[in-house]
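K.L.:
Okay, here's what each chain looks like letter by letter:
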Amino acid sequence: MMSFVNKMAATLAVSVMATSITIAADFKPVLLYDIGGKFDKSFNEAARNGAEVFNKETGIAYKDFEPSSETQYEQALKRFARKKADVIIAVGVGYSVAVRNVARKYPKIRFTVLDAIVDLPNVQSVTFKENEGSFLVGMIAAMKTKTNKLGFIGGMDIPLIRRFEKGYRQGASYIRNDLTFVRNYVGTTPTAWNDPIKAAEMARSQYSRGVDIIFSAAGPSGLGVIQAAKEKQAFAIGVDSNQNHIAPGRVLTSMLKRVDLAVLAALRSAKDGSWKSGHTVMGLKEGGVDFSIDAHNQALITDDMKVKLADARSKIISGALVVDDIAGSNAGH
Amino acid sequence: MEFFADLVLLIDSTLRIATPLVLTAFAGLIAERAGVVDIGLEGKMLASAFAAAATAAVTGSPWYALMAGVGAAVALGLLHGYVSINQRGNQIVSGMAINIAVAGAAPTLANFIFHKGGQTPLLDEESRFSIITLPGAEALADVPLIGGLYSEIISGHNLITYLTVLVVPATAWLLYKTRFGLRLRAVGENPEAVDTAGISVALIRYQALIIFGVLCGFAGTVLSTGLGAGFIRDMSAGKGYLALAAMIFGKWKPVPTLLACLLFGFVDALQGRLQGVSFPLIGEIPVQFTIMLPYVLTVIILAGFVGKIQAPRASGIPYEKDH
Numbered sequence: 233m234m235s236f237v238n239k240m241a242a243t244l245a246v247s248v249m250a251t252s253i254t255i256a257a258d259f260k261p262v263l264l265y266d267i268g269g270k271f272d273k274s275f276n277e278a279a280r281n282g283a284e285v286f287n288k289e290t291g292i293a294y295k296d297f298e299p300s301s302e303t304q305y306e307q308a309l310k311r312f313a314r315k316k317a318d319v320i321i322a323v324g325v326g327y328s329v330a331v332r333n334v335a336r337k338y339p340k341i342r343f344t345v346l347d348a349i350v351d352l353p354n355v356q357s358v359t360f361k362e363n364e365g366s367f368l369v370g371m372i373a374a375m376k377t378k379t380n381k382l383g384f385i386g387g388m389d390i391p392l393i394r395r396f397e398k399g400y401r402q403g404a405s406y407i408r409n410d411l412t413f414v415r416n417y418v419g420t421t422p423t424a425w426n427d428p429i430k431a432a433e434m435a436r437s438q439y440s441r442g443v444d445i446i447f448s449a450a451g452p453s454g455l456g457v458i459q460a461a462k463e464k465q466a467f468a469i470g471v472d473s474n475q476n477h478i479a480p481g482r483v484l485t486s487m488l489k490r491v492d493l494a495v496l497a498a499l500r501s502a503k504d505g506s507w508k509s510g511h512t513v514m515g516l517k518e519g520g521v522d523f524s525i526d527a528h529n530q531a532l533i534t535d536d537m538k539v540k541l542a543d544a545r546s547k548i549i550s551g552a553l554v555v556d557d558i559a560g561s562n563a564g565h
Numbered sequence: 009m010e011f012f013a014d015l016v017l018l019i020d021s022t023l024r025i026a027t028p029l030v031l032t033a034f035a036g037l038i039a040e041r042a043g044v045v046d047i048g049l050e051g052k053m054l055a056s057a058f059a060a061a062a063t064a065a066v067t068g069s070p071w072y073a074l075m076a077g078v079g080a081a082v083a084l085g086l087l088h089g090y091v092s093i094n095q096r097g098n099q100i101v102s103g104m105a106i107n108i109a110v111a112g113a114a115p116t117l118a119n120f121i122f123h124k125g126g127q128t129p130l131l132d133e134e135s136r137f138s139i140i141t142l143p144g145a146e147a148l149a150d151v152p153l154i155g156g157l158y159s160e161i162i163s164g165h166n167l168i169t170y171l172t173v174l175v176v177p178a179t180a181w182l183l184y185k186t187r188f189g190l191r192l193r194a195v196g197e198n199p200e201a202v203d204t205a206g207i208s209v210a211l212i213r214y215q216a217l218i219i220f221g222v223l224c225g226f227a228g229t230v231l232s233t234g235l236g237a238g239f240i241r242d243m244s245a246g247k248g249y250l251a252l253a254a255m256i257f258g259k260w261k262p263v264p265t266l267l268a269c270l271l272f273g274f275v276d277a278l279q280g281r282l283q284g285v286s287f288p289l290i291g292e293i294p295v296q297f298t299i300m301l302p303y304v305l306t307v308i309i310l311a312g313f314v315g316k317i318q319a320p321r322a323s324g325i326p327y328e329k330d331h
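Those sequence lines, one after another, are chains A and B.
Take the first sequence: its letters are residues 233 to 565, numbered as in my numbering.
Take the second sequence: its letters are residues 9 to 331, numbered as in my numbering.
A few of these clues could be false.
Unchecked claim - DMTMM-like, lysine to aspartate or glutamate: derived pairs with alpha carbons at most 25 Å apart:
#1 Lys-124(B) x Asp-296(A)
#2 Lys-547(A) x Asp-504(A)
#3 Lys-464(A) x Glu-160(B)
#4 Lys-381(A) x Glu-197(B)
#5 Lys-315(A) x Glu-302(A)
#6 Lys-462(A) x Glu-197(B)
#7 Lys-381(A) x Glu-463(A)
#8 Lys-316(B) x Glu-197(B)
#9 Lys-464(A) x Glu-197(B)
#10 Lys-337(A) x Asp-351(A)
#11 Lys-464(A) x Asp-203(B)
#12 Lys-381(A) x Asp-14(B)
#13 Lys-340(A) x Glu-197(B)
#14 Lys-378(A) x Asp-242(B)
#15 Lys-124(B) x Asp-351(A)
#16 Lys-288(A) x Asp-318(A)
#17 Lys-316(A) x Glu-146(B)
#18 Lys-462(A) x Glu-292(B)
Source of the hints: derived by calculation from the structure; they are not laboratory data.
Note that the coordinates shown come from a computational prediction; the quantities given were computed from them, not determined experimentally.
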């Protein structure tokens, strides 16, 4: 009898231990941000928002990492791969080479990379049609400008950011063809994402030259553009996250890139087992890009503008209107 | 007319870009003329940028921000002084240590206080040194020539930029026209002679480092609360080193140093303006090339046009009384 009780106790203890182990080792997702950090109010913060939604839904905690330089991309990927993360989500085109290298070495680990295309059996690539979203905000800018001069400020000069510019110009020219464009790129290295002082100076210069609306695709540097718009009482257009609230009334709209949805989808699918490698493109049709209207900019976008925007949107979705692209936007650099 | 309007805008932009450069370069100048080498300008600027932005975010007042910014830079200056004057440590090592420590400590503290991943919250207009429009600037704006000069170049800067204009003659006056300036320069050239005259070398050097800290504090404060609106990781972006280069290029003299800073500022403003402009025959210059411009120019000038550069003789050498 005694031995039976002992046995029972032992089995119970083992099973308790087993469950606690399964809980601890349940699901370990990892999110790696790009330079700029998770509170950049733009690209990285959108990724974080997606992971936070997942966390609220499931109660599963995720690990994240903010690299302070490019050299840390590969180190971070390797570190989490060695710890056997269930899915490693790396956001940013800068990760493309690092993900390719590390994914080859750890074929059993699942990687999701945003903005880059890595063709490996254990990598899921998600890219966006930023040019389609930029087309719509370009239309808004063209309908709103009084000086007929539109500005663009990009962060790092890479094909991906040129894609924003191309869509923006095409969208503006779709409305009218008498516009002048002025553009600046903050830099040619990843530090360009983190230099709001320089971006603000470029924006001041553009506004002084008669530009009245600037679209910035520059991560945290874009905050400098919004600040300059406040100083000069002009308009800025935000990017990636909804940035309308940063300077209510001065941010005309924001080009939304639904990084949050992509991160959330990757996390959900990795958890329920439906995660698949391969390449997904998220455009207007898939709800991957859009522009924002909220309490802060409602008064700036008239009903007439909305009608034209809805018309263009349906034409882009149906394929009747094709927005040009820049080659190599999602290739490594 | 187009060209003139562009030039006005370029000069306007130059003044803004050069403000932190001039302040830090003059800070470095005072320290080195007193015989203390400091390559920690970058770190001190960053520390005061953080202190100022954090204080402005909490109190909502740019004046407290300025005090905090200056306080942080003076404290680090005195730390550097303690290492290099009292302990006779290596000044390059101490300066570098301060740079590295601040680059890590500032975002960490920012994260600890504000939980925004190494940034401070964005500051609103009331808690910054915002733009001052001088009287009559609006009215004169349309007057040809003078209007553009006055309303674009002279009016419309933040308070610290205006103060910087005063810093330059004040520093020159201090160095060359006062007894303190004479002693300060002597301490940097021949500390033994100063000591023989019964004046404390250490005291003069500490005093120089306090002035140094105040100027660095202004530079950091203008970064995060004047030109920018909040602290962001590594926001000094190499300006401390650029200021150091301007000071060497200016041969440790106030006016040439000022000109060097203005030149760096101008080229930076110019590169922004040249982006995307199409030139006859050449076409559009690639961004990569225009961004190189300030650095290429620095190399050319330093290599070809500056001539012999002579540092203050006792600069970087700790003074030892007993040998």
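K.L.:
Next, verify each hint and record whether it holds.
P.N.:
The hints, checked one at a time:
| no. | hint | verdict |
| --- | --- | --- |
| 1 | Lys-124(B) x Asp-296(A) | holds, 14 Å |
| 2 | Lys-547(A) x Asp-504(A) | violated, 35 Å |
| 3 | Lys-464(A) x Glu-160(B) | holds, 12 Å |
| 4 | Lys-381(A) x Glu-197(B) | violated, 57 Å |
| 5 | Lys-315(A) x Glu-302(A) | holds, 21 Å |
| 6 | Lys-462(A) x Glu-197(B) | violated, 49 Å |
| 7 | Lys-381(A) x Glu-463(A) | holds, 18 Å |
| 8 | Lys-316(B) x Glu-197(B) | holds, 17 Å |
| 9 | Lys-464(A) x Glu-197(B) | violated, 49 Å |
| 10 | Lys-337(A) x Asp-351(A) | holds, 14 Å |
| 11 | Lys-464(A) x Asp-203(B) | violated, 55 Å |
| 12 | Lys-381(A) x Asp-14(B) | holds, 16 Å |
| 13 | Lys-340(A) x Glu-197(B) | violated, 66 Å |
| 14 | Lys-378(A) x Asp-242(B) | violated, 37 Å |
| 15 | Lys-124(B) x Asp-351(A) | violated, 35 Å |
| 16 | Lys-288(A) x Asp-318(A) | holds, 19 Å |
| 17 | Lys-316(A) x Glu-146(B) | violated, 64 Å |
| 18 | Lys-462(A) x Glu-292(B) | violated, 31 Å |
Comparing the model with each earlier hint shows violations of hints 2, 4, 6, 9, 11, 13, 14, 15, 17, 18; every other hint is respected.
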